[in-house]
Amino acid sequence: MDDGIAAMYLFVRRPDGSPIGYPMTGVMRCGSIEFTTYRKSAKARYLLSDDRVCCIVVDADDPTRGTAVWGHAEPTDAAAFADRTRGDGPIDVPAAVRDTVRDRLLTDKRMVFRVRVDASRPARRVGAAS
Amino acid sequence: MSRPDISMSRGEVDALLGRCDVLAMGTIGADGWPTATLARCSYHDGALRATVDPDDPIAGELARDGRVCCLADEHESYYEIRGVIAHGRATVHGGGAIDDDVDIHVDIHVDRVTSFDFGRLPH
Numbered sequence: 008m009d010d011g012i013a014a015m016y017l018f019v020r021r022p023d024g025s026p027i028g029y030p031m032t033g034v035m036r037c038g039s040i041e042f043t044t045y046r047k048s049a050k051a052r053y054l055l056s057d058d059r060v061c062c063i064v065v066d067a068d069d070p071t072r073g074t075a076v077w078g079h080a081e082p083t084d085a086a087a088f089a090d091r092t093r094g095d096g097p098i099d100v101p102a103a104v105r106d107t108v109r110d111r112l113l114t115d116k117r118m119v120f121r122v123r124v125d126a127s128r129p130a131r132r133v134g135a136a137s
Numbered sequence: 002m003s004r005p006d007i008s009m010s011r012g013e014v015d016a017l018l019g020r021c022d023v024l025a026m027g028t029i030g031a032d033g034w035p036t037a038t039l040a041r042c043s044y045h046d047g048a049l050r051a052t053v054d055p056d057d058p059i060a061g062e063l064a065r066d067g068r069v070c071c072l073a074d075e076h077e078s079y080y081e082i083r084g085v086i087a088h089g090r091a092t093v094h095g096g097g098a099i100d101d102d103v104d105i106h107v108d109i110h111v112d113r114v115t116s117f118d119f120g121r122l123p124h
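Keeping their order, the protein sequence lines are chains G and H.
Following my numbering, the numbering of the first sequence begins with 8 at its first residue and continues without gaps.
Following my numbering, the numbering of the second sequence begins with 2 at its first residue and continues without gaps.
So here's chain G without its partners, still in its complex pose (with noise of 0.2 angstroms):
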């Protein structure tokens, strides 16, 4: 995975065993990623209780073609995330959005997990419609 902002799929494991996923948009840095959500959310009390992820990391000129990857969030520094979600990304996210995230990440309403990478599976496309 190379650095920058991308389109990816979280799942995460609910309390009573089943799945759930979400659409994000991850800043991919150092082989982790990181990515925000508000801390009252369903996501971040799933992701407290249950720190194991499997992401599908979309490819940028291939929506067909997702790298799965394996691994355990823990929350990281906010301040520093609202720093690097500068940057082209998937998406021409407005500058009022931009501001009213990084509001709420320095405010403490939002807050950043990172997800160290522990395995991953090489990018394979979907085949073709049957």
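A few of these clues could be false.
Think about it this way: if two alpha-carbon atoms lie no more than 25 angstroms apart in a straight line, the pair counts; the simulated SDA-like pairs of lysine to any residue are [as the list claims (entries may be wrong)]:
#	chain 1	residue 1	chain 2	residue 2
1	G	Lys50	H	Asp56
2	G	Lys50	H	Arg90
3	G	Lys50	H	Asp32
4	G	Lys50	H	Leu17
5	G	Lys47	H	Ser116
6	G	Lys116	H	Asp6
7	G	Lys47	H	Ile82
8	G	Lys50	H	Arg113
9	G	Lys50	H	Pro55
10	G	Lys116	H	Gly84
11	G	Lys50	H	Gly95
12	G	Lys50	H	Ala31
13	G	Lys50	H	Asp118
14	G	Lys50	H	Gly67
If you're looking for bench data, these hints aren't it; they were derived computationally from the structure.
Keep in mind that this is a model prediction, so the values were computed, not measured.
Given the structure of chain G, go ahead and fit chain H onto it with the hints provided.
Chain H alone, transformed into the frame defined by chain G:
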């Protein structure tokens, strides 16, 4: 201040699933870890079906425990971000036993859906 309801109507959910041809599908493996893949999909008359490679380990996991979560989304621009999170049970068909090259089909009985449409956010 309460957060705005940005969920889609049933018709909008059906329309998004109908025009989506790839989704992300996840389950929990026997070891307790989440696992996921991208899969070709189709949606007709409320029936959601995914197709995965015969060598994709998620097929075996879904055959063992059919609880599945599927994500379909689209995002031409920020305020056009729309998505569906479908929870359900998977039934796995085909592959492996006769021909290792045969795709595996997964029928998903959807129990519950959540959705979002960023176009409904105040802006």
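Hint by hint, here is what the structure shows:
1. G/Lys50 to H/Asp56: This hinted pair is violated, its Cα atoms lying about 30 angstroms apart.
2. G/Lys50 to H/Arg90: holds (21 angstroms)
3. G/Lys50 to H/Asp32: The hint holds at about 21 angstroms.
4. G/Lys50 to H/Leu17: This hinted pair holds, its Cα atoms lying about 24 angstroms apart.
5. G/Lys47 to H/Ser116: Judged against 25 angstroms, a Cα distance of about 19 angstroms means the pair holds.
6. G/Lys116 to H/Asp6: holds (19 angstroms)
7. G/Lys47 to H/Ile82: holds (22 angstroms)
8. G/Lys50 to H/Arg113: The given pair, whose Cα atoms are some 17 angstroms apart, holds under the 25 angstroms limit.
9. G/Lys50 to H/Pro55: violated (31 angstroms)
10. G/Lys116 to H/Gly84: holds (24 angstroms)
11. G/Lys50 to H/Gly95: Judged against 25 angstroms, a Cα distance of about 34 angstroms means the pair is violated.
12. G/Lys50 to H/Ala31: holds (22 angstroms)
13. G/Lys50 to H/Asp118: holds (19 angstroms)
14. G/Lys50 to H/Gly67: holds (22 angstroms)
In terms of the numbered hints stated before, the structure departs from hints 1, 9, 11, listed from lowest to highest.
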